[in-house]
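Trainee: Listed below, chain by chain, are the residues.
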Amino acid sequence: MMQRRTILLSGAAAVALPRAAAAQQVRLLNVSYDPTRELYQDVNAAFAKSWSAQSKGSITIQQSHGGSGRQARSVIDGLEADVVTLALAYDIDAIAERGLIATDWQKRLPSNSAPYTSTIVFLVRRGNPKKIKDWSDLARSDIKVITPNPKTSGGARWNYLAAWGYALRTEGGDAAKAEKFVGEIFANAPVLDTGARGSTVTFVQRGIGDVLLAWENEAFLAINELGKDKLEIVVPSVSILAEPPVAVVDKVVDRRGTRAAAQAYLEFLYTPAGQEIAAKHYYRPRDSQAGAKYTAAFPKIDLFTIDQVFSGWQTAQKTHFADGGIFDRLYKRKR
Amino acid sequence: MATRPRSAVDARTEPSPVRWLLITVALLFVAIFIVLPLVSVFTEALRQGFGAYFGALADADARAAIGLTLTVAAIAVPLNLVFGVVAAWAIAKFDFRGKSLLITFIDLPFSVSPVISGLIYVLLFGLQGWLGPFLSEQGFKIIFAVPGIVLATIFVTFPFVARELIPLMQEQGTDEEEAALVLGASGWQTFRRVTLPNIRWGLLYGVLLCNARAMGEFGAVSVVSGHIRGLTNTMPLHVEILYNEYNFVASFAVASLLALLALVTLAAKSGIEWKIGRGLTGRGH
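Chain order of the listed sequences is G and U.
Using the working numbering, the letters of the first sequence correspond one by one to residues 11 to 345.
Using the working numbering, the letters of the second sequence correspond one by one to residues 167 to 451.
If you're looking for bench data, these hints aren't it; they were derived computationally from the structure.
No experiment lies behind these values; they were computed from the predicted model shown.
C-beta: ideal position from N, C-alpha, C; glycine also.
Some hints here could point you the wrong way.
As the list claims (entries may be wrong) - The following residues of chain U were derived to be distant from chain G, with all beta-carbon distances above 10 Å: (1) Ser182; (2) Arg185; (3) Thr190; (4) Arg263; (5) Phe276; (6) Thr356; (7) Gly382; (8) Ser436.
Said to hold, decoys possible - Here are a few chain G residues that face chain U, going by a calculated C-beta distance under 10 Å: (9) Asp44; (10) Ser68; (11) Gln72; (12) Gln73; (13) Ser74; (14) Gly76; (15) Arg83; (16) Val85; (17) Gly88; (18) Leu89; (19) Ala91; (20) Leu110; (21) Thr210; (22) Val214; (23) Leu236; (24) Arg265.
As the list claims (entries may be wrong) - Ranges between beta-carbon positions, derived for each pair: (25) U:Leu268 / G:Gly267: 43 to 51 Å; (26) U:Val278 / G:Glu235: 32 to 40 Å; (27) U:Leu245 / G:Lys140: 53 to 61 Å.
My request is simple: use the sequences and hints to build the entire structure.
Mentor: What follows is the structure, given as structure tokens:
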């Protein structure tokens, strides 16, 4: 028995070798959602610099990106994330439900643990050939709408809820009419990618569809990368205030002994330097002073929150996106 | 024979318009679906010149992806080589109960979608899976780490060697081995001196195909990888990540390495077939 134990342990040591070598050097894994790749590349570099400037040694932050729901699933299945920076609170709730994160996580950092916000806008081809102005145009039968799948993508859930919120406003709060309206929009979707970046590539690279429902930051990035001569942003009359939250994964940091670094990393996002980087990547910073030269480009939109219209993520998830929820119903009807 | 009238239709072959039509269709098909994409990979990769191309390959994350892919293949291919020879030997040379069941199981990875191949390991070794919690307590990391990627790769590539050897060994029968044994050779000597030379080209062919798939596998590996840059990204996964980051030159540069691998495999395969065709093995394939 003793011997078997030793073999097991030495096996474990062999598997965990890269970790053991990092005694001096801290290594964090940030599991994030799709459009934040460029944001966190900058944040990581800046944070590592300030960390070593405080003579705390060197720190490396590794990144993993994908659809928010899928990333949460991976963390639940054992992907060793020290911090998660996902698209919506529900996905972090799902991790907390499995006991990996304390259930009061959203109160541990300022502003609902969302250091930056964003919203949903439309990206259309240059010159807006189909004259898409507002949500109501997306339900027209001659429009092809590109959005990821709300089942796997956080951005897509924000898209869906923004459309729903618009319909509730214009139809005087009639849920049946909202369902019909959102159903018409999804009936116009020829493909549903698993993540926001996949949808952007479908729309921009493959040239499919007339309008992309996109994170505001993703829309700005696509225009910067691929040219103002090809795409333009259309701002709808009303949209949703998206709050992508962040959290330390308690179980992982306690096991790996990285809590201090992980906590500092997330707090860095709230510092003026962190807020400036967020603004530079077209996330709306919480600090209205930060990154003024970037935020000037943000359009003024009438934004509603998920708490106002949907009584929070838990309810929204259960009603709309759970198995057998409204999304399943209206998407099945399409076929 | 010498003075065949020109108007007579040669019964041994199709009339020449039909022949030309068939050849043209086949060539066109190959050009559109295989040559064109292949050319485009290299064109895109070299769009900004060789400097950018090699720069992209020298990037730390790209190097890590290349290293990981080579490591995974270096573990998965030898294991499947051993497994393939053992299984083919058992199936071709012995009769036992459950033999057809074994053959069916060997074929399973061919018929299962790679996504499922990945998910079964998540179900087994994931934190919510059967063995995950126990392994996690012991400090083992299987999925979202290199061992999981190796496991998934072994699973999707394990039929290649066995499938190549079984028909070959069945056709060859056991006569030569029996003769060797009668003449006093030990089991190991028989294998090394008689069986191995007989199957070497088939074996090499199987290993080539196994290696190509091991390095190129996307679906199963994507499920168990966790997509950590510089750590658990294999080359195919890295290609997708770079593409999604609008980094097209780098993406196609890494893709071109995989395409090169395919070309090398193809050339080696043709070489082997040529050797077999010339009868260097002493018998037909």
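Trainee: A separate judgement is required for each hint: does it hold in the structure or not?
Mentor: Hint check:
1. Ser182: 42 Å, holds
2. Arg185: 38 Å, holds
3. Thr190: About 30 Å separates threonine 190 of chain U from the closest Cβ of chain G, which puts it past 10 Å; holds.
4. Arg263: At roughly 33 Å from the nearest Cβ of chain G, arginine 263 of chain U sits farther out than 10 Å, so the non-interface label holds.
5. Phe276: 26 Å, holds
6. Thr356: 35 Å, holds
7. Gly382: Check passes; 21 Å lies beyond 10 Å.
8. Ser436: Check passes; 35 Å lies beyond 10 Å.
9. Asp44: At about 8 Å, which falls below the 10 Å cut-off, the nearest Cβ of chain U leaves the hint on aspartate 44 of chain G intact, so it holds.
10. Ser68: 15 Å, violated
11. Gln72: 5 Å, holds
12. Gln73: With a closest approach of 5 Å, the glutamine 73 of chain G hint holds.
13. Ser74: 5 Å, holds
14. Gly76: The hint holds - glycine 76 of chain G has a Cβ within 10 Å of chain U, the shortest such distance being about 6 Å.
15. Arg83: Check passed: Cβ of arginine 83 of chain G comes within 9 Å of chain U, closer than 10 Å.
16. Val85: 9 Å, holds
17. Gly88: Holds: closest Cβ of chain U sits about 4 Å from glycine 88 of chain G, inside 10 Å.
18. Leu89: The hint holds - leucine 89 of chain G has a Cβ within 10 Å of chain U, the shortest such distance being about 4 Å.
19. Ala91: 9 Å, holds
20. Leu110: This interface hint holds because 8 Å falls under the 10 Å limit.
21. Thr210: 8 Å, holds
22. Val214: 9 Å, holds
23. Leu236: 7 Å, holds
24. Arg265: 9 Å, holds
25. U:Leu268 / G:Gly267: 43 to 51 Å: About 47 Å separates the Cβ atoms of leucine 268 of chain U and glycine 267 of chain G, which means 43 to 51 Å holds.
26. U:Val278 / G:Glu235: 32 to 40 Å: 38 Å, holds
27. U:Leu245 / G:Lys140: 53 to 61 Å: The hint (53 to 61 Å, Cβ to Cβ) holds, given that leucine 245 of chain U and lysine 140 of chain G are roughly 55 Å apart.
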